[in-house]
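Undergrad: Numbering of the sequence shown is given in my numbering, commencing with residue 14 and proceeding in unit increments.
Check before you lean on any hint, since a few could be wrong.
As the list claims (entries may be wrong) - In the DMTMM-like style, the derived pairs of lysine to aspartate or glutamate whose C-alpha atoms are separated by at most 20 Å in a straight line are:
#	residue 1	residue 2
1	K100	E112
2	K101	E37
3	K110	D56
4	K62	E112
5	K121	E37
6	K117	D30
7	K100	D114
8	K100	D56
9	K124	D114
10	K101	E90
11	K107	E37
12	K100	D30
13	K121	E90
14	K107	E90
15	K107	E51
16	K59	E125
17	K101	D114
18	K59	D114
19	K59	E112
20	K101	E51
21	K124	E90
22	K107	E32
23	K101	D30
24	K110	E51
25	K100	E51
As the list claims (entries may be wrong) - Distance ranges between label pairs, derived from CB positions:
#	residue 1	residue 2	range
26	N78	E125	16 to 26 Å
27	G77	T126	33 to 43 Å
28	Q87	P109	18 to 28 Å
29	G65	K36	17 to 27 Å
30	V86	S25	17 to 27 Å
31	R76	K121	32 to 42 Å
Worth flagging that the hints you see were computed from the coordinates, not collected in a lab.
Note that beta-carbon positions come from the ideal geometry of N, C-alpha and C, so glycine has one too.
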Amino acid sequence: MTRATRPVSWISAARRDFEDFPKEAQLICAQALTIAAEGGKADIAKPTKGLGSGVFEIALPHRGNAYRVVYAVQLAEALWVIHAFQKKSTRGVKTPKHEIDLVKARIKRLKETLR
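Please put together the full structure from these sequences, using the hints given.
TA: Now the structure itself:
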């Protein structure tokens, strides 16, 4: 039995930020989101530590830049895109704390809205 593809919903600020990504980076991230919506996990996606289960981060190195898309699979019936950003830090692979805090706040608001 194949699982139905879940709809992909966006927090509007995440959609706006995502639309600022280069077109090629948008396409690659969109493919990873489609795989997630179909119940899989793309090679460039990984669970995000400290944000609870079901929260993943797409990490895309692209032409010397790093793009990130954070999504949650365990909120309502949809896959929710919580945050999209270009990672500016040159200090390793760790996601900056202010980005994590923003994701936490958005997830909290979204859960309250979906109740």
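Undergrad: Looking back at the hints listed earlier, which ones does the structure fail to meet?
TA: 3, 5, 10, 11, 14, 15, 16, 20, 22, 24, 25, 26, 29
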